[in-house]
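A.B. asks: For this one, chain A is given, so just place chain B on it according to the hints.
Protein chains in written order, with numbering that gives the first Met the number 0: chain A, 0 to 398; chain B, 0 to 398.
To be clear, the hints were calculated from the coordinates, so they are not data collected in a lab. Hints are supplied without guarantee of correctness; some may be wrong.
What follows is a set of in silico ranges between Cβ atoms, one per label pair, in the way DEER data are often shown [said to hold, decoys possible]:
| hint | chain 1 | residue 1 | chain 2 | residue 2 | range |
| --- | --- | --- | --- | --- | --- |
| 1 | A | Glu181 | B | Lys304 | 30 to 38 Å |
| 2 | A | Ile5 | B | Arg36 | 21 to 29 Å |
| 3 | B | Gly257 | A | Asp345 | 20 to 28 Å |
| 4 | B | Thr168 | A | Ser367 | 29 to 37 Å |
| 5 | B | Ile187 | A | Glu128 | 26 to 34 Å |
| 6 | B | Arg159 | A | Ala305 | 57 to 65 Å |
| 7 | A | Leu2 | B | Gly257 | 41 to 49 Å |
| 8 | B | Arg157 | A | Ala219 | 53 to 61 Å |
| 9 | A | Gly191 | B | Arg36 | 19 to 27 Å |
| 10 | A | Leu2 | B | Arg47 | 14 to 22 Å |
| 11 | B | Asp62 | A | Glu128 | 33 to 41 Å |
Glycine included, C-beta positions come from ideal geometry on N, C-alpha and C.
Number of protein chains: 2
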Amino acid sequence: MLLGDILNTNAQFLSRELAKLGINVYYQTVVGDNPARLLEAYKTAFGRADVVIATGGLGPTEDDLTKETAALYFGKELALDEESWEMIAAFFRKMHANMAPTNKKQAMMPIGSSVLKNRNGTAPGCFIEEGGKMLFLLPGPPNEAQPMYLNEVAPILRPRTERMFVSKTLKICGIGESQAEEMLKDLIDAQGNPSIAPYAKTSEVWFRITASAKNEGEAAELMKPTLDEIKKRLGRNIYGEDDESLVSVTAMLLMEKGLTLSAAESCTGGELSARLVDFPGISSVFLEGAVTYSNEAKIRRLGVKAATLEKYGAVSPQTAVEMAGGIARTSGSDIGISTTGIAGPDGGTPEKPVGLVYLGLSVKGEASVKELNLAGNRAKVRTRAVVSALDMIRRALLS
Amino acid sequence: MLLGDILNTNAQFLSRELAKLGINVYYQTVVGDNPARLLEAYKTAFGRADVVIATGGLGPTEDDLTKETAALYFGKELALDEESWEMIAAFFRKMHANMAPTNKKQAMMPIGSSVLKNRNGTAPGCFIEEGGKMLFLLPGPPNEAQPMYLNEVAPILRPRTERMFVSKTLKICGIGESQAEEMLKDLIDAQGNPSIAPYAKTSEVWFRITASAKNEGEAAELMKPTLDEIKKRLGRNIYGEDDESLVSVTAMLLMEKGLTLSAAESCTGGELSARLVDFPGISSVFLEGAVTYSNEAKIRRLGVKAATLEKYGAVSPQTAVEMAGGIARTSGSDIGISTTGIAGPDGGTPEKPVGLVYLGLSVKGEASVKELNLAGNRAKVRTRAVVSALDMIRRALLS
Chain A
0 MLLGDILNTN
10 AQFLSRELAK
20 LGINVYYQTV
30 VGDNPARLLE
40 AYKTAFGRAD
50 VVIATGGLGP
60 TEDDLTKETA
70 ALYFGKELAL
80 DEESWEMIAA
90 FFRKMHANMA
100 PTNKKQAMMP
110 IGSSVLKNRN
120 GTAPGCFIEE
130 GGKMLFLLPG
140 PPNEAQPMYL
150 NEVAPILRPR
160 TERMFVSKTL
170 KICGIGESQA
180 EEMLKDLIDA
190 QGNPSIAPYA
200 KTSEVWFRIT
210 ASAKNEGEAA
220 ELMKPTLDEI
230 KKRLGRNIYG
240 EDDESLVSVT
250 AMLLMEKGLT
260 LSAAESCTGG
270 ELSARLVDFP
280 GISSVFLEGA
290 VTYSNEAKIR
300 RLGVKAATLE
310 KYGAVSPQTA
320 VEMAGGIART
330 SGSDIGISTT
340 GIAGPDGGTP
350 EKPVGLVYLG
360 LSVKGEASVK
370 ELNLAGNRAK
380 VRTRAVVSAL
390 DMIRRALLS
Chain B
0 MLLGDILNTN
10 AQFLSRELAK
20 LGINVYYQTV
30 VGDNPARLLE
40 AYKTAFGRAD
50 VVIATGGLGP
60 TEDDLTKETA
70 ALYFGKELAL
80 DEESWEMIAA
90 FFRKMHANMA
100 PTNKKQAMMP
110 IGSSVLKNRN
120 GTAPGCFIEE
130 GGKMLFLLPG
140 PPNEAQPMYL
150 NEVAPILRPR
160 TERMFVSKTL
170 KICGIGESQA
180 EEMLKDLIDA
190 QGNPSIAPYA
200 KTSEVWFRIT
210 ASAKNEGEAA
220 ELMKPTLDEI
230 KKRLGRNIYG
240 EDDESLVSVT
250 AMLLMEKGLT
260 LSAAESCTGG
270 ELSARLVDFP
280 GISSVFLEGA
290 VTYSNEAKIR
300 RLGVKAATLE
310 KYGAVSPQTA
320 VEMAGGIART
330 SGSDIGISTT
340 GIAGPDGGTP
350 EKPVGLVYLG
360 LSVKGEASVK
370 ELNLAGNRAK
380 VRTRAVVSAL
390 DMIRRALLS
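Okay, chain A solo, but in the shape it has when bound (with noise of 0.2 Å):
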């Protein structure tokens, strides 16, 4: 991990799965397997924490010290544990391979700890609790650490908590994040319980409202009137809550007004069709999707006049328009949506920068367009568009 080949997912989840026990993370930490930095670690996470949870280094080999540090930093001796001994055999077993003799390392538990039992492969882990600090030794590979986590340490921690937290997400799309928070500045910053906490992610924005209660009840009471004011004041620029998506969100309006939509891509190059396909039920929807990257495809494929072309240009709003209106003609759905751009890192003109485009929109033939001027590199700038491209038909069918 120190090396930067693997991603720390184990402290994602463990810290998301803290969370939901009302349990605060105040920081989380990599260390190499060296003796002298492993045992300063711990000194460091007792010095601020009650509860130290690590993973890795359980391992047969002598590398791993997770566990001989801690008993070292706790003053404990190490002793063979019998059962977890014979369940490490019985893995092997099953497994039909040779245990080596180190893998008895992976018994030695410190006296009086607890095992944490290891269902998902041999390292067994351990809970040391002393002097009001509790330390969970967890083995490194996810997918014998989470399980462990949830069937194992949850458990213990869960009773020990007196609060829960409680989350809802508001998405917000269509306006930037100062823009938003500006809109909500005395919410913010008269927040307590429930807190309001702002995500920005590409071209959308996400509102996180937290309240902290003994129970799911008090917590949406809590939470209510702080929701219920937030969607009065950002009204339609909110798209959806928590596991909604701006595709999922217009894949429903689109069924439950029973339209078609097809698009046409330019600049974005496929990747507003691809982000419709990525929702499941689409295909009832959503007809066509064209990547007309170059001229010909858009007089082809499309009907886009020459003349349009020649004396507008492929990135204009006369272009989007007659884009959008000709995938909706030819594939025959209600709604057609174009885009048609300067992504970059080339072609852009002092008139037209990289990062100007155009969206075109067709509604049962009524055309619309859109101007964007966006920032960030090629792969940002296509990405902003679709989002900006979904966002323009979500709202087109609000109306």
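C.D. replies: Showing chain B alone in chain A's frame:
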């Protein structure tokens, strides 16, 4: 990140890049936007390292404290940096967005620090060097932090390290990770300087060959025998090196041979086109993409026979071949590629399970087809199908 909402990809990126410079990363720490804990984290970090790189907390809100706390730690005042302030204002003008008064906070810099330019967002970075300690402050979003590291931080660190690590990555597609490792087993077992590290990617395997040397020339000499031997053994399974991608390699082959390509996508839903358009130079060879998710679109757009769909189904080698031939013909391209399959989570049957995908290829009228049985969720199946489709084109162009 402490709530488990975000994976710490910056830590991975920075660790990997620092390893290339021969700089050992001893700790990674995550700490929240809390002044006391943040200050404590700086103290702890500089108690055990000479160089500290921090990401995040450079935004305009009151929660953003990384720079302010760093100034406090080093006993420095903050002052407005006019150039940064001008860049932030220019960024907002380009976005046609209103600047909030709080954005001025982003241009406040500790006196005596150097500004690290941000070309991808509003938050400039900051570099403080004092008493043998170096602190780099980067913004949180990976698309801002990572280019800033490469463009601003690495050039400062590089001249200060004694040995350098030089790596070359060989990228493999079309054979699995264990098969590739088996073919190189004796080389991997006997590795020293250079080292050989495999990385499993989605339907790809990369081998990173790394030499530790005094300079680039010595590194190249050390690596040559290993590179030559791996290339000899893996042959055409190696599609490229370092920054080359399957798309860039395929695009270059198309250009070299003066051939044009179009794509007809069903299960991949536009992702293949989007991946092709990732490569800025693609427009001269990639004529058109069609996302024909429905049977009607396959018939109307591509001329797939209704009888074929009726008799063999949309997910069949016959349909794949007709789709590939159809898109080549209707777009006037030399090469047509098609995808049709069951990406899941629903739609699978015992005969045609989730993960079954057919790729069709038509090269100047000559058809071929490939059956894939892909593991993973909907997104994974689609991405694997896209990678295999690109590799199918690449191999056809090589033969």
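A.B. asks: Give a verdict on every hint.
C.D. replies: Do the hints match the structure? See the list:
1. A beta carbon spacing of about 58 Å between Glu181 (chain A) and Lys304 (chain B) contradicts the range 30 to 38 Å that was offered as a hint.
2. About 26 Å separates the C-beta atoms of Ile5 (chain A) and Arg36 (chain B), a value consistent with the hinted range of 21 to 29 Å.
3. At roughly 22 Å, the beta-carbon separation of Gly257 (chain B) and Asp345 (chain A) lies within the given 20 to 28 Å, and the hint holds.
4. About 47 Å separates the C-beta atoms of Thr168 (chain B) and Ser367 (chain A), a value inconsistent with the hinted range of 29 to 37 Å.
5. At roughly 43 Å, the beta-carbon separation of Ile187 (chain B) and Glu128 (chain A) lies outside the given 26 to 34 Å, and the hint is violated.
6. A hinted range of 57 to 65 Å for the beta carbons of Arg159 (chain B) and Ala305 (chain A) is consistent with their spacing of about 59 Å.
7. Range check, Leu2 (chain A) to Gly257 (chain B): about 44 Å between beta-carbon atoms, so the 41 to 49 Å window is met.
8. Arg157 (chain B) and Ala219 (chain A) have their C-beta atoms about 55 Å apart, which keeps the hinted 53 to 61 Å range intact.
9. At about 20 Å, the CB distance of Gly191 (chain A) to Arg36 (chain B) agrees with the hint of 19 to 27 Å.
10. Remark: the range hint 14 to 22 Å for Leu2 (chain A) to Arg47 (chain B) is upheld by a beta-carbon distance near 18 Å.
11. At roughly 34 Å, the beta-carbon separation of Asp62 (chain B) and Glu128 (chain A) lies within the given 33 to 41 Å, and the hint holds.
Checked against the numbered hints listed earlier, the structure breaks hints 1, 4 and 5; every other hint is satisfied.
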